[in-house]
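Chemist: In order, the protein sequence lines correspond to chains A and B. Each residue of the first sequence is one higher than the last, beginning at 1 in UniProt numbering. Each residue of the second sequence is one higher than the last, beginning at 1 in UniProt numbering.
It is worth saying that the hints were derived from the structure and are not from the lab. Accuracy of the hints is not assured; some may be wrong.
[Claimed, not checked] If you anchor each label on the Cβ, the simulated ranges turn out as follows:
no.: 1; chain 1: B; residue 1: His53; chain 2: A; residue 2: Asp97; range: 42 to 50 Å
no.: 2; chain 1: A; residue 1: Ser216; chain 2: B; residue 2: Ser9; range: 49 to 57 Å
no.: 3; chain 1: A; residue 1: Val174; chain 2: B; residue 2: Glu10; range: 30 to 38 Å
no.: 4; chain 1: B; residue 1: Thr69; chain 2: A; residue 2: Arg183; range: 14 to 22 Å
no.: 5; chain 1: B; residue 1: Ala77; chain 2: A; residue 2: Thr96; range: 23 to 31 Å
no.: 6; chain 1: A; residue 1: Thr68; chain 2: B; residue 2: Glu55; range: 36 to 44 Å
no.: 7; chain 1: B; residue 1: Glu50; chain 2: A; residue 2: Glu213; range: 36 to 44 Å
[Said to hold, decoys possible] If the Cβ cut is set under 7 Å, some of the chain B residues that face chain A in the computed set are:
no.: 8; residue: Lys43
no.: 9; residue: Glu44
no.: 10; residue: Leu59
Every residue gets a Cβ at the ideal spot worked out from N, C-alpha and C, and that includes glycine.
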Amino acid sequence: ILVILSTPIHSHRSIPHSSITSPANRRWVVGFEMAISNAAGDPAAGNEGGGERKRKRREDPPVAKWRTEGEQKTYSSKLIEAIRRVRRSSAAEAATDHSRSRAVRVAADRALAVAARGRTRWSRAILSGRKLKLWVRARACRRKPLGNITAASASYSHTTRKSKPPALERKARVLGRLVPGCRKLPLPTLLEEASDYIAALEMQVRAMSAIAEILSAAGVAAAEPM
Amino acid sequence: MSSRRSRISEEEIKELISNLQFLLPESRRRQAATRVSAAKLLKETCNYIESLHREVDDLSDRLTELLATMDITSAQAEIVRSLLRS
């Protein structure tokens, strides 16, 4: 199980972000999920869930998939492997608690994005990496001839801004900043992304709390001398 | 007046907002069926996402702490065992 867990996450890092949603990736994720659930001994939940989720795209309410137990188990396994790698990498250097915790947070987010199987913008944004976003933003700033654009759009924008109440517009911007990869989306898409993102975050919290509970219980029970 | 900008009308926005309200559990708890203003709901959504982020951060801190004191292979064994049990 552990060997299977480590290779797919590596392959995600090397894939350029345009092919995150390729069918090959999706097939791998579903197969991987089936392997996990087989090992975990409840093939019914895992296989059915995987098959169903592959066939039904938009029919079932998008947020319901984040509430299934199979999804959470899959996520937990991926997360554990990712945390294991964090531990391995930080053991070499003198990593502070804060940087290690930050690495765990990043690993958890990436695992969550992988669990979304590339169907949502926020997950693709997380996986394509923050470096890509910064690079794109820097290029856009350099390429725009700022003087011309602002003069031309000044008269244009003051008509468009007044159509929506500014408070709503402002809040929508804030929301766009909170959900990764959704800064410039129109409102309906943004709301869709936000609701899926919230459901995913809730699953992340549930999974991580469960792992923390188990680990603290195990730690108390084992009490191994270091 | 409101449709000057694009295809999105105020009514569509209201409908989407009510969908979102349905999805947010704590919004459902607060106001049963009364219409909340769109701005308020967006703000609540932002706050909720921020609180979820904070929770994840806290959990990562906790997990890092726990893993520091525990050998990872036995931790994994324990987790897999309890996953199998539940």
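Chemist: Does each hint fit the structure? Answer for all of them.
Modeler: Consistency of the hints with the structure:
1. B:His53 - A:Asp97: 42 to 50 Å: Because 19 Å falls outside the window, the suggested range is violated.
2. A:Ser216 - B:Ser9: 49 to 57 Å: holds (52 Å)
3. A:Val174 - B:Glu10: 30 to 38 Å: violated (20 Å)
4. B:Thr69 - A:Arg183: 14 to 22 Å: Cβ of Thr69 of chain B to Cβ of Arg183 of chain A: about 40 Å, so the range 14 to 22 Å is violated.
5. B:Ala77 - A:Thr96: 23 to 31 Å: holds (28 Å)
6. A:Thr68 - B:Glu55: 36 to 44 Å: violated (21 Å)
7. B:Glu50 - A:Glu213: 36 to 44 Å: violated (24 Å)
8. Lys43: Constraint on Lys43 of chain B satisfied, holds at 6 Å.
9. Glu44: Cβ of Glu44 of chain B sits 10 Å from chain A, so the hint is violated.
10. Leu59: holds (4 Å)
The structure fails to meet hints 1, 3, 4, 6, 7 and 9 from the earlier list, while all remaining hints are met.
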